[in-house]
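Engineer: In case you want the letters, here they are:
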Amino acid sequence: MSESISVEIQEVSKRFGDFAAVNRVSLTIQKGEFFSLLGPSGCGKTTLLRMIGGFELPTEGRILIGDKDVTHLPPYKRPVNMVFQSYALFPHLNVIDNVAFGLRYRKLSSSAAQQKARDSLNLVRMAGYEDRMPGQLSGGQRQRVALARALAMEPEVLLLDEPLGALDQKLRKEVQLELKNLQKSLGLTFVFVTHDQEEALTMSDRIAVMNQGRVEQLDASHHVFEYPKTEFVAQFMGAPNFFTGVVKSIAEGLMYIGGRTDADIRVRASSDAWRPEDPIRFVVRPEKLDLRTKSGTSDGEVSIEVTIEDRVYQGVNTVWVVRSDDGERYFIYEQNDRPFQESGRFRVGGRAFMSWNPRDTVVMEKTS
Amino acid sequence: MGVKRTTTGTRTGTSVKEEAATPKKAPYLLITPAWLVIGLFFLLPLIFIFVISFGARGTYGGLKPIADWGAYLLSGEFLANYRQSLEPLYWPIYWRSFWMAVVTTGLCLVISYPIAYYIAIIAPARWKNLLLALVVIPFWTSFLIRTYAWVLILRTEGLINTVLMQAGLINAPLDLLYNEFAVMVGLVYGELPFMILPLYASLEKLDLTLLEASSDLGANHPSTFWRVTVPLTMPGIVAGIVLVFIPSIGQFVVSDLLGGAKSMLVGNLIQNQFAIARNKPFGSAIAFELTAVVLLLLLAYAWWSKKKGQEAML
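Protein chains in written order, with our numbering: chain A, 1 to 368; chain B, 1001 to 1314.
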């Protein structure tokens, strides 16, 4: 096993009766990586995290941490620590005793343990709260103490189970950046579970998008965002704009897709599996779509004529909801870089052209 | 009536005042039935006992009329029953009552904790109500009858001895009945539900994530139990101790039915004064002393839980 691998999941499944919460998942997490498990509730991300922590045992498969098989080890024998969603601070112990709780098992003198706990509290900027009880802390402070408690154990891997879920939006954004910086400066491996794609994008080096117990896509975070491989990932990353086309021709790594667009779309052939006449699905992100009054032909743009169904003002963006003549619905984000106007070039119910640059066409993986 | 007027009438100064007054009166009204019950069935009898305990026994079991109140009070004669109750003759009875209550409480705690833990935490959710029902079902039968049942189980020709004899494990029946062992069995059996239920209540509230967190931080199962589970269920433990210790120390039915002459408890001593010796004043004095001890324990418990509550509030 390579020196740089921190966690290795091998063909891991977790079944509850007939239901597979995690279904034959294999992946490796690098040392010092901020790795996110992203997906809707019930996709198996938390179950997978809990199996790394030892709170659930896999039905099959193996889990390695460092180069040690920990598949059947109880949590207290694993070199990992968890920040729980509910923080799980011991309500009968004050802050410093909470943070020092696990240091007793580390053969440290009690003064060394106290010092270590204090250092850990300093790290999360909670110095001065040592004697408070958890009940006296705000949600954000509790979250920091939970983090300090896990960090004090100096784990090889830190597991975080939606630890920001209970914080309000503004605090959440702050903590996201703080957490990312902390991870970078400590050089620790973080495995982070979230259902919030923006949160995952903000912090992660790599993201595994999960759906129905499987990993749908595992890539660098910007790659997952810009190049979703499946319709599920595209939808989950906020690009629910699906087009159906047909492969016209393939040559020298380039593929021409025909369909309802005014011209054929030229894209890089991402796979050599495609053959002419294959049906094909692709997406274009809403912010890469433009609404035009005329069929867009500048710079080789392609366009489709659509009917405007709705206009939603969202502050930063205006969302145009349009429908193509084959009945598909699309979302177009227009950045509000000019003052708001009640009536613009387009009106709800009118016709317009939806255009995009062919390079922004993202072809979905071929489903055989 | 006042409430009705304030809601339908115009909002003048008086109606506002009435509105403010109503919520203050309401708690007192609501608490009145409780006070009536406590007053009629607890405080009033206690006052009777207290007063009678200063009297002297009459020839036929009643109270001896006091001829000269001044002399009676000044001579300290009114304290005669309390003086008598402290005579060394009774010390073994008090001591036995105390240690049997302590051992009963201890045994109940040790037996109940795993049971409560199993029902609250380990058992599948659909079994919980059934298991709890099994704990409570004995209450459907009179305590007296259940205690008699132990006579049938423990006596020389009883269930245990018959089975052991038939199995050839013993040649002669064991002396299981009419001794302190039998009383202990009866006490523990009778008080068990009063320990299991409060323990269950506090274990059921225990956040299991805390046990996971403890394990995550390196604590094995015994360590998690002593450092997390026990401290967090302390309210249930203390409530169970109070609920078991207090009835145990005043118990007389169990020792009467299952105990021999040598296992008399303070409860039997009191009962004897009223039923056999017909010395009501002396019986009252001991009863009052016992009540005082119990009340002191309850006060200590109230003080403890108040302190605990304040800690939790912090």
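No lab work stands behind these hints, which were simulated from the structure alone.
Here the structure is a predicted model, which means the values were calculated and not measured.
For every residue, glycine included, the Cβ atom is placed at its ideal position computed from N, Cα and C.
Any given hint might turn out to be false.
Said to hold, decoys possible - Computed footprint of chain A on chain B, listed as stretches where at least three residues anywhere in the stretch have a Cβ under 8 Å from a Cβ of chain A:
#1 1075 to 1084
#2 1143 to 1150
#3 1199 to 1210
What the hints assert, rightly or not - Partial chain A-side listing against chain B, Cβ under 10 Å, derived:
#4 R50
#5 G53
#6 F55
#7 P75
#8 R78
#9 F84
#10 F90
#11 A146
#12 F225
#13 A251
#14 A269
#15 A273
#16 P276
Engineer: A separate judgement is required for each hint: does it hold in the structure or not?
Structural biologist: A quick look at each hint next to the structure:
1. For a cut-off of 8 Å, the count of residues in the stretch 1075 to 1084 of chain B with a CB near a CB of chain A stands at 0, and the three-residue condition is violated.
2. Only when three residues or more bring their CB closer than 8 Å to a CB of chain A does the claim for the stretch 1143 to 1150 of chain B stand; here the count is 0, and the claim is violated.
3. Under the rule that three or more residues need a Cβ within less than 8 Å of chain A, the assignment of the stretch 1199 to 1210 of chain B holds, with 3 such residues.
4. For the restraint placing R50/A at the interface with chain B, the shortest Cβ-Cβ distance is roughly 9 Å, inside the 10 Å limit, so the hint holds.
5. A cut of 10 Å between beta carbons decides the hint on G53/A: the least distance to chain B is about 6 Å, and the hint holds.
6. Here the hint on F55/A is kept, as its CB sits about 5 Å from the closest CB of chain B, short of 10 Å.
7. This hint holds: P75/A has a C-beta 4 Å from the nearest C-beta of chain B, less than the 10 Å allowed.
8. Taking 10 Å as the C-beta cut-off, the interface hint given for R78/A holds, the closest approach to chain B being about 8 Å.
9. At a threshold of 10 Å, the smallest CB-CB gap from F84/A to chain B is about 6 Å, leaving the interface hint in force.
10. With its C-beta approaching chain B no nearer than about 6 Å, F90/A sits inside the 10 Å limit, and its interface hint holds.
11. Taken as an interface hint, A146/A checks out: its beta carbon lies about 8 Å from the nearest beta carbon of chain B, inside 10 Å.
12. Contact between F225/A and chain B, as hinted, is not supported at the beta carbon level, the nearest pair being about 32 Å apart and thus beyond 10 Å.
13. Here the hint on A251/A is broken, as its CB sits about 56 Å from the closest CB of chain B, past 10 Å.
14. With a least beta-carbon distance of about 48 Å to chain B, the hint placing A269/A at the interface is violated under the 10 Å criterion.
15. This hint is violated: A273/A has a C-beta 45 Å from the nearest C-beta of chain B, more than the 10 Å allowed.
16. At its closest, the beta carbon of P276/A sits 56 Å from a beta carbon of chain B; the interface hint therefore is violated under the 10 Å criterion.
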